[in-house]
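These protein sequence lines are chains A and B, in that order. Numbered by my numbering, the letters in the first sequence go through residues 1 to 141 in order. Numbered by my numbering, the letters in the second sequence go through residues 1 to 141 in order.
These are computed hints drawn from the structure, not numbers from a lab. Be a bit skeptical, because a hint or two may be false.
Quick list of in silico lysine to aspartate or glutamate cross-link-like pairs, DMTMM-like style, CA-CA up to 25 Å [unchecked claim]:
#1 19/A x 38/B
#2 77/B x 11/B
#3 131/A x 26/B
There are 2 protein chains.
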Amino acid sequence: MKTVITYGTFDMFHIGHLKLLERAKELGDRLIVAVSSDELNKVKGKKVIIPYDQRAKIVESIKFVDMVIPEDNWEQKIKDVKDNNVDIFVMGDDWEGKFDFLKEHCEVVYLSRTKNVSTTQFKNSAESIIKLLEQMVKELE
Amino acid sequence: MKTVITYGTFDMFHIGHLKLLERAKELGDRLIVAVSSDELNKVKGKKVIIPYDQRAKIVESIKFVDMVIPEDNWEQKIKDVKDNNVDIFVMGDDWEGKFDFLKEHCEVVYLSRTKNVSTTQFKNSAESIIKLLEQMVKELE
């Protein structure tokens, strides 16, 4: 049985997250996802909208995902790989090369991301803002 | 085997959607989710950010969900219930009473929603807007 692991924040869950999880699972039989804790994101200076519990619960509820663990610090990856008998470590190729130090412990795969910057996306972003503003107004009523 | 059905848009998938699906599934053994088509939302005058294909794919990938069908029009519910041997029709209680006409075909359950309008939520909305604006700027680079 091949065990795959990946790491991410999974803030405001969307189709890009889902496709990455699907492709990660296809590389093996069991998929572990490490979801970054709110504390780690704070340390990184990364703004996150959805709190850890909700991000973890959504990722855990995805059919391709077998287990979720918290990512609490930068240094835990070697331990995670060893503790969970991980065969393949997967990340998006925006991280290309960054995790090559894991190659002595497992296979390291960088998945290409299909960039999709389009006018549609821009329009959607604008519409998202309008929708969020409308929700804020509703919540104040 | 008890079959449960529910209907929704599931735009920008979040923990509220997930909890509703989880509670719906707990009422039976098989959960069918009808996801509103983009065309239906247009007819309803409902603004939706995420296109049908992506909304359907995410809902379909949730562990509690056994099948997704499109909701194309207002009138299909009786047919859906009959065609899929549905035992229980579930909606959030913001729809209380609105689907009682289905009671001659199956059980109708309205689940209470836990409203959670808080300053945290308001702050999160504001932060969502900031994040979206930042993404828009990035996309323009």
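So, going through the hints one by one against the coordinates:
At roughly 21 Å between alpha-carbon atoms, residue 19/A and residue 38/B fall within 25 Å of each other, so this suggested pair holds. Taken as a hint, the residue 77/B and residue 11/B pair is honoured in the structure, with Cα atoms around 21 Å apart against an allowance of 25 Å. Restraint check for residue 131/A and residue 26/B: not satisfied, since their Cα atoms lie roughly 31 Å apart, outside the 25 Å limit.
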